[in-house]
Amino acid sequence: MSTVPQEARAAQTGRPMDRADARAKVTGAARYAAEYAPPGTVHAVLVGAEIACGEVTGVDAREALRSDGVLAVLSHLNLPPLAAEPHLLPSLAGASASGQSFFPMRDARVHYAGQPVAMVVADTLERAGHAASLLRIGYRGEPHTTTLEEGRERAYEPDRIFAGFLPGRMGRGDVEAGLAEADVVVDAVHRMSANHHNPIETAAATAYWEDGRLTVHDSTQGPTATRLTVAELLGVPPSQVRVVATAVGGSFGAKAMIWAHPTLAAMAARHVRAPVKLTVTREQMFTACGHREEQEQRITLGARRDGTLTAIRHHKLSPTSPFDDWAEPSLEMPARMYACPNHEGVYRLFRANTMTPAFMRAPGEASGMFALETAMDELASELGVDPLDLRLRNHCDTDPTTGLPWSSKGLRECYEHGAQMFGWRGRDPVPGTRTDGHWLVGTGMASAVYPVYQAMNPQRARVRLHADGRAVAETACAEFGTGVGAVMRQVAAAALGIDAEQVEARYGDTDLPTTVAAVGSAGSGAISSAVHTAATALREQMVERAVADPDSPLHGADPARVEVAGGRMFLRDGGGESYTDLLRRHMMFDAEALGSWDPPGPDAGFAAATFGAQFAEVGVDPDLGLVRVRRMLGVFAPGRVLNAKTARSQLMGGMLWGLGHALLEATRMDPDSGRWANASMGEYLLPVNADAPEVRVEFAEVEDRMVNPLGVKGVGEVGVVGAAAAIANAVHHATGRRFRNLPITVEAVLGGR
Amino acid sequence: MHPFAYTRVSDVATAVEEVASDPGSEFLAGGTTEVDMLRIGVARPRRVVDINALPISRIEEGPNGGVRLGGLARMSDVAAHPVVRERYPVLSRALEMGASPQLRNMATIGGNLMQRVRCAYFRDGGAACNKRVPGSGCAAIGGVNRGHAVLGTSEQCIAAHPSDAAVALTALDAVVRLRGPDGERSVPVDDFFLLPGDTPEREHPVGHGELITAVDVPPVPAARTSVYLKVRDRESYEFALASAAVVLRVEDGMVAEARIGLGGVATKPWRAHGAEGALVGSPAEGASYELAAVREMRGAVPRSMNAFKIGLAERTVVRALRMAAERQGGAR
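As you go down the protein sequences, you meet chains A and B in turn.
Position 452 of the first sequence, counted from 1, bears residue number 452 in full-length UniProt numbering, the numbering being contiguous throughout.
Position 299 of the second sequence, counted from 1, bears residue number 299 in full-length UniProt numbering, the numbering being contiguous throughout.
Accuracy of the hints is not assured; some may be wrong.
Unchecked claim - Distance ranges between label pairs, derived from CB positions:
#1 A/G58 / B/G125: 18 to 24 Å
#2 A/A339 / B/E155: 58 to 64 Å
#3 A/R191 / B/E60: 32 to 38 Å
#4 A/A690 / B/E184: 29 to 35 Å
#5 A/A339 / B/I40: 50 to 56 Å
#6 A/R106 / B/R234: 39 to 45 Å
#7 A/E382 / B/A287: 35 to 41 Å
#8 A/A339 / B/R39: 52 to 58 Å
#9 B/E201 / A/G40: 23 to 29 Å
#10 B/E17 / A/P143: 41 to 47 Å
#11 B/G329 / A/R304: 55 to 61 Å
#12 B/A287 / A/H438: 17 to 23 Å
#13 B/E155 / A/T433: 46 to 52 Å
#14 A/G601 / B/R234: 43 to 49 Å
As the list claims (entries may be wrong) - Over the 12 Å line for every Cβ pair with chain B, so calculated as not near, a few chain A residues:
#15 A155
#16 A188
#17 A548
Read the hints as simulated data drawn from the structure, not as lab findings.
The beta carbon of each residue, even a glycine, is placed where N, CA and C say it ideally should be.
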């Protein structure tokens, strides 16, 4: 096989490159799902249940139907039946991927506040909204459960969680024996508020039917998942459903699963025989796209005097919906973080009046590693050991759950580089002793880890080379702020031996080669592998053509000796020619290749995760209850970095998510009504620019030859993991007080006065 | 959204006439609250009368060192005005710590005084709220009331007044100038906001069709070293958990003049007369500040989630008093 010289490849992959969609998104030229308006488009609005539990006793639509412009009112009384039952399945599986095993408006039952109970379709958005306000919906309310305190007594241990993918209980060794041999035991309960994703673009779908074919413009992480889900629920062959998602305004997991609205838009479009646009409002986003569940984690660590862990017991309690056994997998990665022979992880759930929770950036790892890494900090304090040394002492060279080798790790390097850059060594461990004016100052650190997930089916891409020297790389994947468009350009360029500026990326359309939803930090691995495979095949095709062509300077050469760079195929010790010359001579305006990559299966014989180390410095004003982060440093080992700029941005964004998780983000339940009480961007507090400290992101280079062709482990989520713990540990170092509940609020800080 | 008509007017007399003559009409200024209220169905006017073209947006120096803020002066313009910055840093600061730059570019001073509360139950049409539907109850008292008031509350309403600027204006003894169908009148800011009592739906002593034409800020020489301290969870774009507007004059180590406004903790922009009375004539030092702050908060009524605000308000006042004293060079 031909090659692209190392320096030519390195000039493309890895370098910082602007996002492919950057200009279009900042200038407003990008078109989002709700910005398509085929001729005759009408508008649907959803009406959410006002009660959290009970029944709809009646839907009086008379006044609404008399209102100007109204075309239809759909409710459980007249919504057409579904062709299939929705079943929860992570979109990473590459199949139909409903976010919950429930579809609204099929009967009168109300399971959670905000559950859609009616849909109004009118000629304008304003008229649809007004008519919705004229609906008279009767309810018969029943007692509801929405908080941990209400549901705790009814908790059960599920057989499996996470849509059946994970067992409800895990373990190794003998935790009781491990605790018995411990010199020191830390036993702590951590409570974490519910969180919502709040992407800037709310969920939306525009749907229209043409000759039995359905087109949906959807705001999604997985156009393919939308296609398969909508097709299944409506009983339409998937081949007859096209999903377009060329611009998506953020997601963070909110759009990782396929919720009811694209299907409802398609049903409404069929019902009124016109294109229908359905936009989920900001307030509805709090009951439409899942969330990170409120949870309590109790963690017990046993260790010998020298810091060696002897036992980890980790239990979680959280609410789930009436129809699914969902818990974000908080216990898996903490179980695999340290070399501890005895571990027990148990999920407990209770049925609550909530929709099924969902993936939210580092789903499980963010919360589980908060518990583990604050407990490790407590253990370090108890033992009088430096927190970083404690982690080094328990470093695991193989996956402690399976004994399998890690495909690559790099964690020691992350610790070492981080400690050096942050100035960790020589830190005075005594808490509450450093001041700066009104501020108490402290530092903290934590480990970060996120698994490498693999898609479960082949990942495909197409690369086309034009005779003008330009190329196009295509996959169905969505670009929702990750930088995948730029990465496609870079990867295709590196494999073709051309410049990335010469490559256009096309994505976000099921008419393009199929890729899985970009979820679980698996997008860059899956898509880069597919594009790399396609571009490599295309290069090979061109070289084969050249060496077979008597008119080519490369005629008769061994393809393995042909190198390609700058769009030119050449022999190191002889002549060559450009792709362009070859194509023109052969009367070819273009050439293309499809690449298909089969991800390694679960029995591939290695364990894989991205590791990192987080460091934070905080100031605490104990009089006013304020915690302000002064600087953050994260060092990560994500394998090959395909684009230094977008990878850094992803990790930095993740770390700021960790800041929000630590200090601000909480969706607050009103227990009386069973409704979220702060469902707005004004009252659900995300960090703003003014909260962002100096955030430094560094990489520890590791080569991974196992996970995929380019050794890409993903950066979308690991930046969140451990960030909240590093901050909470820094707050402890500043104040001498341990905060185990998130977010760490003003009143919590004041509570110690 | 409820259907409504829209009219644009260009002079004050017409604006007042259009609204005064029609109970279903409301003024629309910057719209940063009003449009929200329209969208969520809490405001249901028959018609909005857009007053943005009225010639009442100027910021003028008044006689004797005061300043007149036109009712339609934008928050960002008032905050940036050199005279306001120099004479009333407490007001500049309060304005700049409110909302977001985009909102401040639209929102007006008159509208700021008229803004509605942020109470989630007021904004949620499905919840009990005496302010929105008199007699329906108050879901906040037993609900999520972390952000709610501890001063000036009643059993009918505990919503905190959200304005920062009005807190500063209260401390400065500003006067609201109104134009109505019966002519002009002036109302001191402290009287312009009503306690909820048994009528939380009534927030201002303003008749239908009365328009805020200006806010007069009197000369307050001591305000040149004034302070606005705002405590909140995040650094920007959030309403206060507690805030203090402080004007302090220290002579020979004693407090000669003190004006204190409290925000985030009361149902109206709160003039802390009790604290002021305790301070004047006392040594300008921490013990006096603490005594004054505690005295002011003595009547506070905590609810399930906001008891922390009492101590927080006390310490916010103390910190702001210290800052104001330091600004005068009398660092105590």
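The hints, checked one at a time:
1. A/G58 / B/G125: 18 to 24 Å: Given range 18 to 24 Å: holds, Cβ gap about 19 Å.
2. A/A339 / B/E155: 58 to 64 Å: holds (60 Å)
3. A/R191 / B/E60: 32 to 38 Å: violated (55 Å)
4. A/A690 / B/E184: 29 to 35 Å: Since the Cβ atoms of A/A690 and B/E184 sit about 41 Å apart, the hinted range of 29 to 35 Å is violated.
5. A/A339 / B/I40: 50 to 56 Å: Holds - the Cβ-Cβ distance for A/A339 and B/I40, about 54 Å, lies within 50 to 56 Å.
6. A/R106 / B/R234: 39 to 45 Å: holds (41 Å)
7. A/E382 / B/A287: 35 to 41 Å: holds (40 Å)
8. A/A339 / B/R39: 52 to 58 Å: holds (56 Å)
9. B/E201 / A/G40: 23 to 29 Å: violated (44 Å)
10. B/E17 / A/P143: 41 to 47 Å: About 54 Å separates the Cβ atoms of B/E17 and A/P143, which means 41 to 47 Å is violated.
11. B/G329 / A/R304: 55 to 61 Å: Hint holds: Cβ distance 59 Å, inside 55 to 61 Å.
12. B/A287 / A/H438: 17 to 23 Å: Because 18 Å falls inside the window, the suggested range holds.
13. B/E155 / A/T433: 46 to 52 Å: Distance hint for B/E155, A/T433 holds at roughly 47 Å.
14. A/G601 / B/R234: 43 to 49 Å: holds (45 Å)
15. A155: holds (24 Å)
16. A188: Its Cβ never comes within 12 Å of chain B, the nearest being 23 Å, so this holds.
17. A548: holds (63 Å)
Hints 3, 4, 9 and 10, counting from the list given before, are not met by this structure.
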